Amino acid sequence: MRGKLVMWSVAAVIALGSTAAMGSVVVVKSLGPSSKAYPPGKTLPEGAKISLQGGDVVTLLGPGSAATLRGPGNFPTGQIAMNSAAASRGRFGALRAAEVASNPSIWDIDVTQNGKVCVTSTSKVQLWRPEAESAVTIKIRSADGQSRSLDWAAGNASAVWPATLPIKVGAQYQLEWPDSGDKSSMTFVAVPNTPTDLVGAAQVLIQNGCQHQLDLLVDGASKRGE
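Residues in the sequence shown are numbered consecutively from 0, following numbering that gives the first Met the number 0.
Treat the hints as calculated values from the structure; they're not laboratory data.
All figures in this text were calculated on a predicted structure; none of them were measured in a lab.
Wrong hints could be hidden among the right ones.
For lysine-lysine, the following BS3-like pairs were computed, each having C-alpha atoms within a straight-line distance of at most 30 Å [unchecked claim]: (1) Lys167 <-> Lys138; (2) Lys35 <-> Lys115; (3) Lys123 <-> Lys48; (4) Lys138 <-> Lys123; (5) Lys48 <-> Lys28; (6) Lys41 <-> Lys28; (7) Lys222 <-> Lys28; (8) Lys182 <-> Lys167; (9) Lys182 <-> Lys138; (10) Lys222 <-> Lys35; (11) Lys28 <-> Lys138; (12) Lys41 <-> Lys182; (13) Lys167 <-> Lys115; (14) Lys123 <-> Lys222; (15) Lys48 <-> Lys167.
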């Protein structure tokens with residue numbers, strides 16, 4: 000990446016057999032009577048129309064923006080696919096850190112979240128905390144009984160996963176805050192060949208169940224479309 004294009008690693012994510020066409024959009028969320036017709040992960044060509052009934056809510060992600068459609072009505076996908084600044088078309092690396100919720104990027108793992116986490120490399124995992132004002136020590140426990148402490152200095156939002164506790168793909172890890180008793184748990188999924196487009200990245204996150212990172216991706220794209 001060049002200049003100020005931040006932190007979305009193009010050196011890694013799942014090889015998808017084929018990446019989405021530039022003009023396509025992907026369904027990332029779907030609620031209501033038509034949800035079976037538009038499940039998350041479904042891609043639609045630029046010229047397609049989406050027919051929604053009353054009560055339907057469908058969120059679509061295009062090459063450079065996202066939009067939420069509410070039924071009833073018929074909606075063309077072309078506007079979403081084309082609603083992208085020329086400089087960022089097709090490149091999710093062009094999303095600046097300030098535009099992706101509060102995380103520096105989707106690859107900075109929010110330690111307050113639970114569930115599956117997609118990582119481009121299990122040896123280079125960076126953790127992030129929303130509140131960085133005070134110093135804190137957390138304990139990380141693996142499913143096989145190993146544990147390590149991780150110290151966060153006051154003012155530091157990011158920290159590197161302890162090298163002495165290697166991450167095993169598919170294994171669950173529990174993070175504990177001894178002072179407060181708070182806990183979170185996460186399971187890592189390796190996605191070593193990240194697509195460079197928003198649609199392809201969303202498909203990888205959907206396929207692997209990395210919901211929080213998908214929400215961040217959609218959030219950032221939605222702000223670009225405002």
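Hints, verified against the model:
no.: 1; hint: Lys167 <-> Lys138; verdict: holds (17 Å)
no.: 2; hint: Lys35 <-> Lys115; verdict: holds (24 Å)
no.: 3; hint: Lys123 <-> Lys48; verdict: violated (42 Å)
no.: 4; hint: Lys138 <-> Lys123; verdict: holds (19 Å)
no.: 5; hint: Lys48 <-> Lys28; verdict: holds (17 Å)
no.: 6; hint: Lys41 <-> Lys28; verdict: holds (10 Å)
no.: 7; hint: Lys222 <-> Lys28; verdict: holds (17 Å)
no.: 8; hint: Lys182 <-> Lys167; verdict: holds (20 Å)
no.: 9; hint: Lys182 <-> Lys138; verdict: holds (10 Å)
no.: 10; hint: Lys222 <-> Lys35; verdict: holds (27 Å)
no.: 11; hint: Lys28 <-> Lys138; verdict: violated (34 Å)
no.: 12; hint: Lys41 <-> Lys182; verdict: violated (34 Å)
no.: 13; hint: Lys167 <-> Lys115; verdict: holds (13 Å)
no.: 14; hint: Lys123 <-> Lys222; verdict: holds (28 Å)
no.: 15; hint: Lys48 <-> Lys167; verdict: violated (43 Å)
Violation of the numbered hints given earlier is confined to hints 3, 11, 12, 15; the remaining hints are satisfied by the structure.
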